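*Asks:* Each chain, written out:
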Amino acid sequence: MKQLRYVLWIGVALAAILLAYISLRTPSQNGPGANKSVAGSHFGGPFTLVGADGQPFSSTQLAGKPYVLYFGYTRCPDTCPTTLNRLVHLRREVGLGDDSFRIVFITVDPARDGPEEVGSYEKAFGAPIICLTGSPAQIDQVKKEYGIFSQKVPEAGGDYSVDHTATILLFDRNGKFAGTIAPDEADSAALGKLKNVTAA
Amino acid sequence: MFLGRTAAALAALLLLSCAPKKIDPPQVSISGAWSRATVAGQSTAAVYLTIANNGGGDDTLLNASTPTGQATLHSSAMDGAVMRMRPLERLDVHGHSTVQLKPGGTHIMVTGVKQPLIAGSRFPLALHFDRSGDRRIDVEVRSASTAGESM
Numbered sequence: 003m004k005q006l007r008y009v010l011w012i013g014v015a016l017a018a019i020l021l022a023y024i025s026l027r028t029p030s031q032n033g034p035g036a037n038k039s040v041a042g043s044h045f046g047g048p049f050t051l052v053g054a055d056g057q058p059f060s061s062t063q064l065a066g067k068p069y070v071l072y073f074g075y076t077r078c079p080d081t082c083p084t085t086l087n088r089l090v091h092l093r094r095e096v097g098l099g100d101d102s103f104r105i106v107f108i109t110v111d112p113a114r115d116g117p118e119e120v121g122s123y124e125k126a127f128g129a130p131i132i133c134l135t136g137s138p139a140q141i142d143q144v145k146k147e148y149g150i151f152s153q154k155v156p157e158a159g160g161d162y163s164v165d166h167t168a169t170i171l172l173f174d175r176n177g178k179f180a181g182t183i184a185p186d187e188a189d190s191a192a193l194g195k196l197k198n199v200t201a202a
Numbered sequence: 139m140f141l142g143r144t145a146a147a148l149a150a151l152l153l154l155s156c157a158p159k160k161i162d163p164p165q166v167s168i169s170g171a172w173s174r175a176t177v178a179g180q181s182t183a184a185v186y187l188t189i190a191n192n193g194g195g196d197d198t199l200l201n202a203s204t205p206t207g208q209a210t211l212h213s214s215a216m217d218g219a220v221m222r223m224r225p226l227e228r229l230d231v232h233g234h235s236t237v238q239l240k241p242g243g244t245h246i247m248v249t250g251v252k253q254p255l256i257a258g259s260r261f262p263l264a265l266h267f268d269r270s271g272d273r274r275i276d277v278e279v280r281s282a283s284t285a286g287e288s289m
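Residue numbers (the working numbering), protein chains in the order written: chain A, 3 to 202; chain B, 139 to 289.
Keep in mind that a hint or two might mislead.
As the list claims (entries may be wrong) - The list that follows gives simulated cross-link-like pairs (lysine to aspartate or glutamate, EDC-like), each with its CA atoms no further than 20 angstroms apart: (1) A:K154 with B:D217; (2) B:K252 with A:D174; (3) B:K252 with A:E157; (4) A:K195 with A:D174.
If you are wondering where the hints come from, they were derived from the structure by calculation, not from laboratory data.
From a predicted model like this one, the values you see are computed outputs, not experimental measurements.
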């Protein structure tokens with residue numbers, strides 16, 4: 003009987019150690035760049051930016067149709083054009099036409115991406131996409147609201163590239179956050195999510 | 139005497155085990171080189187291609203050059219949810235292996251592109267290998283909407 007009690011107490015101690023380990027470990031998995039706010043209650047919200055025509059663009063203009071948000075910069079040679087082109091192709095695969103959901107690109111490099119630059123970016127993918135810029139303060143605000151990290155990285159020759167969150171954010175026709183697509187996620191999984199948000 | 143012979147045998151073994159890589163030449167061939175058309179204001183492009191080494195010997199891609207701009211080896215990699223792009227010092231191409239430079243991964247970044255890259259055009263690129271020397275190829279410029287979309 004006494005032995006059983008010892009065994010039980012050892013069990014309790016082990017459980018306590020395990021719990022302590024889990025609770026200490028969890029926050030460290032949300033390092034810089036992790037989409038901490040994606041799961042939080044203050045994620046997203048209305049925004050006003052600047053469109054390719056140089057006029058204010060309000061998020062209320064997106065109401066009524068599902069949309070995806072992707073943050074990047076027009077000089078990005080690799081990830082951004084790859085992702086936008088992928089979204090255009092996935093939208094074709096959903097098969098409900100180019101207006102079944104909107105593809106919205108927001109620059110994280112407002113210093114180099116003015117209305118003119120995002121305007122020519124809109125035309126580069128052979129399908130309608132919305133490209134937005136804004137003042138540095140407007141961009142900072144929307145990045146903060148949507149949990150987007152970005153950081154300039156100097157390149158040879160005085161140029162710079164930008165490290166940035168590459169997650170695609172999904173919103174339903176009411177503007178409610180509906181999930182994410184990771185850049186390295188399989189097309190089949192991404193297509194399933196887009197079909198869901200389009201049908202919702 | 140015995141020790142000397144053992145040492146000689148060991149040395150011979152060691153030489154033999156290293157030898158194939160040194161003697162076998164690499165046989166490097168490049169295919170499918172393409173880049174995206176640039177948009178207004180964009181002076182940076184990424185070149186993607188496939189390097190096949192059909193020889194037994196290893197080789198290393200040291201760098202690249204093009205009259206179009208400054209070429210550097212680069213790689214994009216996910217760090218959590220963040221895409222980070224960094225220069226690569228070199229790219230190993232082992233014997234009997236194929237290395238793919240593709241969207242979302244290793245690529246040759248060309249900065250300071252002064253003339254816009256127009257879909258349907260081509261530009262020259264030289265790849266400099268440690269053992270195979272220089273390989274000159276043409277890079278096909280594709281429109282952003284037809285270029286490979288998966289990572």
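*Asks:* Hint check: A:K195 vs A:D174, CA-CA at most 20 angstroms. Holds or violated?
*Replies:* Holds. A:K195 to A:D174 sits at ~11 angstroms (cutoff 20 angstroms).
*Asks:* Holds or violated: B:K252 and A:D174, Cα atoms, limit 20 angstroms.
*Replies:* With a Cα-Cα distance of about 41 angstroms, the restraint between B:K252 and A:D174 is violated, given a limit of 20 angstroms.
*Asks:* Compare the distance between the alpha carbons of B:K252 and A:E157 with 20 angstroms, and conclude whether the hinted pair is satisfied.
*Replies:* Given pair B:K252, A:E157 holds - Cα atoms ~17 angstroms apart, limit 20 angstroms.
*Asks:* If you draw a straight line from the CA of A:K154 to the CA of B:D217, is it 20 angstroms or shorter?
*Replies:* Holds, at about 15 angstroms.
Checked against the numbered hints given earlier, the structure breaks only hint 2 and satisfies all the rest.
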